[in-house]
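J.: For reference, the chains in residue letters:
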Amino acid sequence: MLKWLSPIFLSVLLAGCEDPNWHTSDISDIMPELDLSLMNENGQQVEEDAYIGKTTLLYFGYTHCPDVCPTSLARMTAAIKKLDEPARDDIQVLFVSVDPERDTPARLRQYTDVFGPQFIGLTGSTAQLDALTNRYRVSYGYGEKDENGNYDVSHSSGIFVFNEQGDARLLMRNSDPIPSMVSDLQRLMERG
Amino acid sequence: MVNKLRIGAMTRARGKWACGLLALLLTGGMAQAQDLSLKDARLSLLPGDMPGAGYFSLHNDSPENVTLVGAQSDAFKNTEIHMSMEKDGMASMHAVPEIDIAAGERFEFAPKGYHLMFMHRVAPLEVGDDIEVVLRFADGQQLPAIFEVVSPAAMH
Ligand SMILES: [Cu+2]
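As they're listed, the protein sequences go chains P and S. Residue numbering for the first sequence follows numbering that gives the first Met the number 0, beginning at 0 and increasing consecutively. Residue numbering for the second sequence follows numbering that gives the first Met the number 0, beginning at 0 and increasing consecutively.
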């Protein structure tokens, strides 16, 4: 009985190990490499070369977003914490605010500090933000101001992942479980 | 409180009749406070004057439908009921004027869905603090509840 079962059991095990596919979406063939021109948390203009050399997660949002943005960033924090300690230094998250009117560099630094040392705040002029969002085929928009001057901002919810050379590799969605993100990040960091 | 009193009354052998009357008085008189309750109430706090989010599970164990129309906390200038939406890879959020909770039902305020949006903080707050938030209902009922202040990095 055991003898009869073992080949099947073994093949199931092997299939589990092989795992030829990514758990999140492979965008290698459909998205261009990292290319940006923005302002960093210190108010300096930066280009993509500042972020080459590490695995990079790119997310668009704004700090007056109390729900969706913090929850997405907290998922990234949780995923990063699951990586081996040395690997945590080889990954960075670019939080690009599409609300430059309210999100000053100082405010972005205060905000990204909440989520961990891997998080870097960026923003830019409308032209700079449009260039970047158009490049990754996402959009953003502003709601009307209320009597207190508050307004909502709509923004894309996916996370674009680039390898350390800056090639676009994966798109992680809110529906992707954290273990899937962790496993794909580990694989990407091992194989590029 | 009600249960303790009721058990205390029951253990006394004398006066079953009085005990029944006491239970009736208690359940009748305290129904409002008992029937609506918040479980797992948390306030996810961002630094400075960035807005925070309130999450909880609202239980309506009363025989009546209720309508949540607002909330208020002394620590923030204004508090609104909001809903986040995600459609075609785009996230957005908007204010919701009221929420109906049917008799016997519960309603979840949870990340990426309904949340209280706490705007313009006016008192210092830190992760680990407890703050009082009062929920308001259309029939005039008010439900005070303690929210635990938590880090957004822990909400996922
Ligand atoms: Cu909101």
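Hints are supplied without guarantee of correctness; some may be wrong.
[Stated by the list, open to error] Calculated pairs, EDC-like style, for lysine to aspartate or glutamate (alpha carbon to alpha carbon, straight line, at most 16 Å):
(1) 53/P to 100/P
(2) 111/S to 84/P
(3) 53/P to 163/P
(4) 53/P to 189/P
(5) 76/S to 34/S
(6) 76/S to 34/P
(7) 53/P to 166/P
(8) 53/P to 83/P
(9) 144/P to 107/S
(10) 38/S to 129/S
(11) 38/S to 107/S
(12) 76/S to 84/P
[As the list claims (entries may be wrong)] So the derived label-pair ranges between C-beta atoms look like this:
(13) 141/P to 62/S: 24 to 34 Å
(14) 128/S to 191/P: 42 to 52 Å
(15) 68/S to 51/P: 47 to 57 Å
These are computed hints drawn from the structure, not numbers from a lab. Only a predicted model underlies this, so the values are computations on that prediction, with no experimental measurement involved. We treat Cβ as the ideally placed atom computed from N, Cα and C, and that holds for glycine.
J.: Looking back at the numbered hints, which does the structure fail to meet, lowest number first?
T.: 1, 2, 5, 6, 9, 12, 13
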